[in-house]
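Asker: What follows is each chain in one-letter form.
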Amino acid sequence: MNLIDTTSGEESANAPFPMGGGELAELIRAFDWSETSIGAIASWPQSLKTVTDMLLRSPLPIVLLWGPEGIMIYNDAYSVFSGGRHPQLLGSKVREGWPEVADFNDNVMKVGLAGETLSYKDQELTLYRRGRGEQVWMNLDYSPVIDESGQPAGVIAFVVETTERMAAQNELRASEERFRALVTAASNVVYRMSADGKEMRLLDGRGLLSDMDMPRVAWQAEYLFPEDRAAVAREIDEAIRNKRMLEIEHRVRRADGSVGWTFSRAIPLFDAAGEITEWFGAASDVTERHSAEHRLRLVVNELNHRVKNNLAMIQAIASQTFRHAESVTQAQADFTSRIMALAQANDLLTGERGVGASLRGVVEQAMRPHFKDDPTRCDIDGPDVKLSPKTALSLSIAMHELTTNALKYGAWSVPTGKVAITWNRQSTAKGERLRMEWRESGGPPVKPPQKRGFGSRLIERGLAAEMAGEVKMHFEPDGLVCAVDAPVTFGEDA
Amino acid sequence: MTIALLIEEMLIDLGHKVTALAMRLPQGLDLARDSEIDFAILDVNLDGRMSFPIADVLSARGVPFIFATGYGAAGVDAAYGHHIVMKKPFEMRDLADAINIAAAA
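As given, the protein sequences belong to chains R and B, one line each in that order.
At position 267 of the first sequence the residue is numbered 266 (numbering that gives the first Met the number 0), and the sequence of numbers has no breaks.
At position 66 of the second sequence the residue is numbered 65 (numbering that gives the first Met the number 0), and the sequence of numbers has no breaks.
For the record, the hints were derived by calculation from the structure and aren't laboratory data.
Treat the numbers as computed from the prediction; the structure is a model and nothing was measured.
We treat Cβ as the ideally placed atom computed from N, Cα and C, and that holds for glycine.
The reader is advised that the hints may include incorrect statements.
[As the list claims (entries may be wrong)] According to the in silico footprint, chain R covers these stretches of chain B (three or more CB under 8 angstroms from chain R): (1) 22–28; (2) 40–48; (3) 77–88.
Let the sequences and hints guide you as you build the complete structure.
Answerer: So, in structure tokens, the structure goes:
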């Protein structure tokens, strides 16, 4: 403090400048301004002193850029903003003090010294305040400072850094984008619905549903089918009453007009009093999964039905086999072989409902196993005719009975015997008929059985009814003949 | 058809006379319309076609009947829900009970 001569001249002229203040006031007092274009403090015009005094007392970061070079005079708040650049910035030329934004400040000086103001909100600049570039956002306000000549002699700048707020905003925006991406990835549709569920406020259909930009009360008519509305409304009411997440799978009318299924989830948003203010929901397209489930249900039902039918058939076979048995040993053998035939017949039917087997396939499966090595002992000839699953099953069992009988008592019980199976379609007065014949030859002499067993009852009565025609067994001297006469339509659903 | 034969045999054992067997809808309809019967047992699925038209004919004639199906009660249309549905496979005792109840109704 003794550097200042307090004894000479006017009190005010010799008082230390600037008076009081913080770190910057002291630095300004100590600085050798004669090295700059402003000159020593003693020569400063009052206007410069006044503005310097003012900015030193301001809590806002303020910098004064004096003269054409923009010599920098600033306050404590600005020194904090400047980071590592302070204290070298003090008294430096603004274009050199901040070389990384020299162009920006060049414009500031030109505009300011021309008497104009500049104002930037959240201006982004890259500054090197700590030895590395960092993105900085600022509110910048520049205005000219008029000196005693009435001309702009400097520019005063108010610098309010908004980096923190902008970073928070950017983080929020990024977070929103991530959230939106997540919703997009996880579902097809997002929507907002009123607290009572009556009004759809907004719906982003994403191509699945048509978009809804304006709140609509009649949204159910747009998206739901009349017969589903009551059930959907019930689910919504239930969720409102329990103040719980709404989870519902329902049919929708899709944007392209087709019928689809969506799985929809909505969570209630609450006010301070705990009342629902609205629902925020997301829905995804589950049409494919739904139809797959539907198909699966049909298949399971059909499978269940077939299993039950097979069990009933086994029950029937067991009952018939043991009831008419001559001995338990014989009945066990017959039963096993009939179950095997039933299992084989089922192999013909694997595949979907309604897909049947061919007549030739059924006949070959029944006969070939016995004469794989000698095809001359069974002669199969006829056009291919498609059979419904049920008819194929019945015919398989009938074939098994005939084959078994031939092996035991008929043509195949001797080495030279043969069986010929032939069939064809014939046009008759009763419409187109299938005529099929099983003819044994070369076997032992035939004598009609004393009583009809399960096999012949099954063929003459069961197969006849099954094919809606006539089936007759003739015990001719040369061998057994079984003749089928049935309408060709027996194998068709029509 | 094997099952039909089994049921036929059960019916004979129970002292009934079996008029005819039909495995398809048209034959079944003919029988329901024209034959002299006082009772019928209907499989629901006649080779891919539902037997309900036969049920309608029988109802119109006042002939009592029951259903017998591997699908169980779920396989019968709600409109016919008041008729007895036998789930295959079943025992002769059950068949006898079902016939007695349906015939008395």
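Asker: Hint by hint, say whether it matches the structure.
Answerer: Hints versus structure:
Counting residues of the stretch 22–28 of chain B whose C-beta lies closer than 8 angstroms to any C-beta of chain R gives 4; at least three are required, and the coverage claim holds. Under a criterion of three residues with beta carbons nearer than 8 angstroms to beta carbons of chain R, the stated coverage of the stretch 40–48 of chain B is upheld, 4 such residues being counted. Check result for the stretch 77–88 of chain B against chain R: holds, 3 residues qualifying (beta carbon to beta carbon below 8 angstroms, three or more required).
Figure legend: structure checked against the earlier numbered hints; every hint is met.
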